[in-house]
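Visitor: So you can see what is in the structure, the chains are spelled out below.
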Amino acid sequence: MADLTTTFLGITTPNPFWLASAPPTDKEYNVRRAFEAGWGGVVWKTLGEDGSPVVNVNGPRYGAVWGADRRLLALNNIELITDRPLQTNLDEIARVKKDYPDRAIIVSLMVPCTEESWKAILPRVAETGADGIELNFGCPHGMSERGMGSAVGQVPEYIEMVTRWCKENYDKPVIVKLTPNITDIRYPARAAKAGGADAVSLINTVSSITSVDLDDFCPEPAIDGKGSHGGLCGPAVKPMALNMVAEISRDAETAGLPISGIGGVTTWRDAAEFMALGAGNVQVCTAAMTYGFKVVQEMISGLGDWMDRKGYARTEEFIGKAVPNVTDWQYLNLNFVTKARIDQESCIKCGRCYAACEDTSHQAIWMKEGRVFEVNDAECVACNLCVNVCPVEDCITMERLPAGQTDPRTGQVVSDDYANWTMHPNNPAAQAAE
Amino acid sequence: MAHTIRTPGIVAGRLEKDVLAENFSDLHPPLDAHEAHVAADRCYFCHDAPCITACPTEIDIPLFIRQIATDTPLAAGKTILEQNILGGMCARVCPTETLCEEACVRELAEGKPVEIGRLQRFATDALMAHGPQPFSRAAATGKSVAVVGAGPAGLACAHRLAMHGHDVTIYEKRDKPGGLNEYGIASYKTVNDFAQAEIDWLLDIGGIDIRYGRALGRDVTLEQLSDAHDAVFLGIGKPGVNRLGGFDLDGIRPAVDFIADLRQSDDLATLPVGRHVVVIGGGMTAVDAAVQSKLLGAESVTIVYRRAQADMPASRYEQDLAASNGVNLMFNAQPVSASGAGAVESVTFEYTADNGTGLKGTGEKFDLPADQVFLAIGQVLEGAPEDLSREGAALATDPHHRTSLANVWAGGDCSATGEDLTVTAVAQGRDAAEAIHKSLMGEGGPTNG
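Chain order of the listed sequences is R and B.
Take 910 as the starting number for the first sequence in my numbering and just add one per residue.
Take 35 as the starting number for the second sequence in my numbering and just add one per residue.
Among the hints, a few may not be true.
As the list claims (entries may be wrong) - Pairs of lysine-lysine, DSS-like flavour, derived with a Cα cap of 27 Å:
1. R:K1258 <-> B:K177
2. R:K1277 <-> B:K112
3. R:K1028 <-> R:K1007
4. R:K1028 <-> R:K1135
5. R:K1076 <-> R:K1028
The hints are simulated quantities; they were obtained by calculation from the structure and are not laboratory data.
Could you put the whole structure together from the sequences, leaning on the hints where they help?
Guide: See below:
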């Protein structure tokens, strides 16, 4: 039986599933119940500086994107950091950590961009006995207008500077949470590393407007007829998050920097994918906000089940295993030639592959008498669109043409040599491959 | 309550009123908006969709379902009604399990087709509740067309002709329009007087005058109609019923008459039904009569069909509906005789077999007790002008529904191409109207509008 115990930055938790800094981790009541439900750790909802707490809007804080049957595909929020007094949060953190020594409690922080502000809060956090801190450089709404959150995360120099202050004034691990609202995630990650960060966590939410009310022409969620962009999270953001995690994992400058993966983790499989791309653990929010704390039970059983099937005894055996296979386009093997194959037995004759290929791709699918759909290899470029639009799993597959066979589309014999764009004759910069 | 299900003979009031009301409520309750969304999302929006091909009126089903899914049910309703002006009724009475839903690729994939019929009802209900029909008349052509019969074929024909700007006069022998929509078809398929509401809505287009109590051959002749109008469309259905020699005791009657009585009844508690009912036949009329007998409180109801179950014209869905309502289904048995002192008391059947040389009795017989017997062994054309050519027992028509007389068209059950289906009648009435329109306006000549 696989052991899900995972050690991240020296913090060992019974599983790699942590709750992200967000409403589910805003108070003692929730966090105790989360731990009872089985979560390995939490990142406490972001604390701000002492004094009058922030205020939130008193209208709706969330917008949503739904799929069929109102399945929640994404949430968008305009909530700010904790609106409870600093000392209340610190007291609760200390109490919960004392009672749950085997679970991680990381404290998320966001204070103004001055060294004094950070110096003031860090010792008080240290007193709680929490396992580490996470710098919220990601929140894209509200606080960013005040020079915090993503306003810091979008400027690598600020990231490095604040990270350094924290490392100088706090003894335990410092995690820097990154915003995806930038053009190249590697720069903020490199800055965090340069500042001495022990890890990065990503992604925070994506700036977004989820929908517009077409009666009163107001973005959702509407506050008295006006709307403000929020931060998007949930299953819809996972692909962007996976790419950003992978970019940091394979960047020479940040390779080896621990990553806590965040962004639409909804099932054990999502978690395994983040971890395969180099995340040492994952943080979850939307899945818990949609289904409650109990979802962690499926994540635990599912990850363990998959590890047993694959023969992994511990999570570190598969963490980062997909990183070597993430490469640049120019290194993809151009001699890898595939063709779509339609399994007539499982085909239900909906014709979506035909419509997609005929109208929007390469006119490589024939529709024959009796709604029989067949691939014309002479036109098929193997784009995969037919596979993607087919409602039947595994009905259409891509099959590799073996070496020695002639590709009827190009008239060229398939080679089993590896050859990429850098070697291609059409590439003006290609080195002649002898 | 004066009677119970065990009261002998044919009596009314076997069940309490509230039980009757429950029994005759909507067979398929309407989808609410969320249910419709979920159901609509299952549609794959197939290319050249098989469901369209399977629909006699060729409704663009994937399009209307996508319109429902994207919160525009009125647009969905219009998509349906452009092809089938009686789309509301067809949504209720079509045997979708043998038409669009049988062809649905999800039927092939999972045995669970998209609920096309219920989605069609959702859209047409929404459009009809919204207000007047979205169709209007083209400029008047000055042409006049006689439509005989205000059933589905005649109404569809009349509406399409009116859209094209022609003046239409419908000659209807009964005192209400609707044909089998009003007088046939089980009432739990069309509750709340939907048939009449739909016709009122349809006639709102204007230009359609209905004359009731006017039967072809009795009150008006084809010659008179030809003289008074530029064209004639016959949608007279099959008003006659097949009879069974020797089955003329009291208590034996055509199933269609029983269904018509039931549909016209204001108070089902006053409608008599037998304690032991036997229905002879195997089509949808047999099922409708049998199920409704049971719902009225008959103690036992048996459908006896002379051929094998696989040959039964009523779909498997209809058979299951009958069975789930407690109707006993017997196959491979043919009626031999009915007996009783004055009124029928029992029916004798003989088992049959078909060993490749046609259906034959096996010699083995059995009796079923029966104080009421419904014959549902088919309807026939009756009262049609003799100078129109026949194909088999029905009117011969060309591919454009023109009869052997140049100015006379026909469609629906009276036509040799009819299929005893509302939806087919609508399609033929509509297409005949297009053919009449072309004929009246001249091929390639000026069209209306």
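Visitor: For each hint, tell me whether it holds in the structure or not.
Guide: Evaluated hints:
1. Distance check on the hinted pair: R:K1258 and B:K177 sit about 46 Å apart at the alpha-carbon level, beyond 27 Å; violated.
2. Only pairs whose Cα atoms come within 27 Å are accepted, and R:K1277 paired with B:K112 is rejected, the gap being roughly 32 Å.
3. For a cut-off of 27 Å, the pair hint linking R:K1028 to R:K1007 stands: about 24 Å separates their Cα positions.
4. Taken as a hint, the R:K1028 and R:K1135 pair is broken in the structure, with Cα atoms around 38 Å apart against an allowance of 27 Å.
5. Note on R:K1076 and R:K1028: the hinted pairing holds, with a Cα-Cα distance of about 11 Å set against a maximum of 27 Å.
Taken one by one, the earlier hints fail for this structure at numbers 1, 2 and 4, listed in ascending order.
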